[in-house]
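Knowing the structure of chain A, use the given hints to seat chain B with the ligand on it.
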Amino acid sequence: MYAIRRWSSRHARGLERLYKATRPGILSGLRLVTRLFGKRLDRPITATERLLKGALFDCQMCGDCVLSKTGMTCPMNCPKGIRNGPCGGVRANGMCEVKPDMRCVWVDAWNGAAKMEDGDAIKDIEFAVDHSRVGQSSWLRLARDE
Amino acid sequence: MSDDLDFVEEFGVNPGDPLVQRPGHVSHGRFERVLRAGHFAVTTEIAPPDSVDPDEVLARAKLFDGYVDAINATDGSGANCHMSSLGVCAILTRAGYSPIIQFSCRDRNRIAMQGDLLGAAALGVCSVLCLTGDDVGAGDHPEAKPVFDLDSISLLQTTKILRDESRFLSGRPLDAAPRLFVGASINPFVPPLENRVDQLAKKIRAGAEFIQSQYCFDIDQLKRFMARACDMGLHEQAYILVGVGVLGSAKTAKWLRSNVPGVHIPDAIINRLEGARNQKAEGRRIAVELMQQIKETPGVAGAHLMAYRHEEWVGEIVKQSGVLGDRKPWAPEPLDSTIGVVTPLEEVVDSITGTDS
Ligand code: SF4
Chain A
1 MYAIRRWSSR HARGLERLYK ATRPGILSGL RLVTRLFGKR LDRPITATER
51 LLKGALFDCQ MCGDCVLSKT GMTCPMNCPK GIRNGPCGGV RANGMCEVKP
101 DMRCVWVDAW NGAAKMEDGD AIKDIEFAVD HSRVGQSSWL RLARDE
Chain B
1 MSDDLDFVEE FGVNPGDPLV QRPGHVSHGR FERVLRAGHF AVTTEIAPPD
51 SVDPDEVLAR AKLFDGYVDA INATDGSGAN CHMSSLGVCA ILTRAGYSPI
101 IQFSCRDRNR IAMQGDLLGA AALGVCSVLC LTGDDVGAGD HPEAKPVFDL
151 DSISLLQTTK ILRDESRFLS GRPLDAAPRL FVGASINPFV PPLENRVDQL
201 AKKIRAGAEF IQSQYCFDID QLKRFMARAC DMGLHEQAYI LVGVGVLGSA
251 KTAKWLRSNV PGVHIPDAII NRLEGARNQK AEGRRIAVEL MQQIKETPGV
301 AGAHLMAYRH EEWVGEIVKQ SGVLGDRKPW APEPLDSTIG VVTPLEEVVD
351 SITGTDS
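So the protein sequences, as listed, match chains A and B.
The opening residue of the first sequence carries number 1 in the working numbering; numbering runs sequentially from there.
The opening residue of the second sequence carries number 1 in the working numbering; numbering runs sequentially from there.
Chain A with its partners taken away, still in its complex shape:
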């Protein structure tokens, strides 16, 4: 939801802390699950990721999560799918060129990143999304180092 997504980028600092604290646990949990069940639990795990990140960030399940680098703002909500934004069309009031009722995703991203400890990661270059991975779980990919 738009309002929650905006809240998340405003609270990027807290979410970053939460992410850093839980990340090792989640990843080792997923590694354990993989060892015990192979890929049999992939679907429920992916569904959980979709539900959770969907609620908090309007996550689009691009399969290559960059939330922790983009101010806890999902760049896939940019109508142009830009991974290195913003574009040059941002309105003077900070709203999106394409959707005037939506705040530019990348304005929120840079603001969110400015609050984060590792906010400078937003300056890293991200290559365009690998479309063969869309819909897959980024968590599982990280855990399995794929």
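None of these hints come from the bench; they were simulated from the model.
Owing to the predicted nature of the structure, the values given are computational and were not obtained by experimental measurement.
C-beta atoms are modelled at their ideal positions from N, C-alpha and C, and glycine is treated no differently.
Watch out, some of these pointers could steer you wrong.
Partial list, derived from the structure: chain B residues whose beta carbon lies under 10 Å from chain A [said to hold, decoys possible]:
1) 122
2) 123
3) 150
4) 185
5) 202
6) 325
Derived Cβ-Cβ restraints for the label pairs, each shown as a range [stated by the list, open to error]:
7) B:137 to A:6: 20 to 30 Å
8) B:268 to A:132: 47 to 57 Å
9) B:166 to A:100: 41 to 51 Å
10) A:24 to B:193: 34 to 44 Å
In silico DSSO-like cross-links for lysine-lysine, where the CA-CA straight-line distance does not exceed 27 Å [unchecked claim]:
11) A:123 to B:160
12) B:145 to A:99
13) B:251 to A:99
14) B:280 to B:251
15) A:69 to A:123
Coordinates of chain B with the ligand only, in the frame set by chain A:
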């Protein structure tokens, strides 16, 4: 950032023949030579016709003869259909001009774009401007599918990989790599203002060697932006050309400001136009002054004059601004002294210059 000034204007027997690539240059184009020679460069934009007539392209280009160093061919600008930028550039290249092909990510995926980059280079195009592109909803085909498989920064990287690593994104090697001078656009005048320099730095890191900015009507903002860019040394890593627009009237200015994404026009400019007796002449005067102020701004390597629907004013504005000094950019010679130059028909020139002036 400069080497010898000589031979910048040299060309082969046929004006479309490729120039010799200079040591340290990435392309064999004249535009790169002008910039690397340390000149203040002037570029402009050609509006691709809604036609298959090559004479129309040449007639439009002829308006700029002797005043610009390179001509940008727009790629379905504003998401409207026109002749492709590749077609326009092929025609211009044959006549000896230095076109900059604009590549937008809106209409093609990475397979098509890599193919077209090779095609453009094979046709003699030497410079490419990598853009994300406008929203399809802005144009005359709002029902079209927006592609955006890549964004401008990924496209910059892709072009660099083709050129410097001589391979496709897939890793498959090329037999001959494209020699392209790679550019990107910036807009220092819209939010998030504090991060626009970071965005410029990112584009340079991704491979941009020259930059063309969106319209600059706000010199103070430009100065703040360029001061930060110079602090970071960015002006030494890429040639930064600043965009200049030509406003025909206060009404047009207001319309542009509220309808074209990314256009920032301060009230002072609009008031000045409104207060003028001859708004058209005032619009040209504003452009002339902007060109001069841009040239004075530290770190700027050139101006990109976009005179949409006022192309016939480009020469006059460049001349009056004096930014070229006594340098005269290359232009095709008349038909009798050069082999292979197609001189556009007078009527076509008239029909273009006659409209809307
Ligand atoms: S204004 Fe922002 S959200 Fe909208 S298309 Fe441009 S970068 Fe994406």
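Problem set entry | Hint check, residue 123 (chain B) versus chain A [nearest Cβ-Cβ separation less than 10 Å] | violated, 26 Å
Problem set entry | Restraint check, 10 Å cut-off on beta carbons, for residue 122 (chain B) near chain A | Constraint on residue 122 (chain B) not satisfied, violated at 25 Å.
Exercise. Are the Cα atoms of residue 123 (chain A) and residue 160 (chain B) separated by 27 Å or less?
Worked result: Distance ~19 Å between residue 123 (chain A) and residue 160 (chain B) Cα, so the pair holds.
Exercise. If you take the shortest Cβ to Cβ gap from residue 325 (chain B) to chain A, is it below 10 Å?
Worked result: violated, 31 Å
Problem set entry | Range agreement (Cβ of residue 193 (chain B) with Cβ of residue 24 (chain A), hint 34 to 44 Å) | holds, 38 Å
Exercise. Would you say the C-beta atoms of residue 268 (chain B) and residue 132 (chain A) sit inside 47 to 57 Å of each other?
Worked result: holds, 52 Å
Exercise. Does the hinted range 20 to 30 Å hold for residue 137 (chain B) and residue 6 (chain A) at CB?
Worked result: For residue 137 (chain B) and residue 6 (chain A) the Cβ distance comes to about 23 Å; the hint holds.
Exercise. Under the criterion of a CB-CB separation shorter than 10 Å, is residue 185 (chain B) in contact with chain A as hinted?
Worked result: Check passed: Cβ of residue 185 (chain B) comes within 6 Å of chain A, closer than 10 Å.
Exercise. Does residue 123 (chain A) lie within 27 Å of residue 69 (chain A) when you go C-alpha to C-alpha?
Worked result: holds, 8 Å
Exercise. Can we keep the residue 150 (chain B) interface hint, with Cβ of chain A closer than 10 Å?
Worked result: holds, 5 Å
Exercise. Is it true that the CA of residue 280 (chain B) sits at most 27 Å from the CA of residue 251 (chain B)?
Worked result: holds, 11 Å
Problem set entry | Supplied contact hint for residue 202 (chain B), tested at 10 Å Cβ to chain A | With Cβ-Cβ at 6 Å, under 10 Å, it holds.
Violated hints for the displayed structure, listed by number in ascending order: 1, 2, 6.
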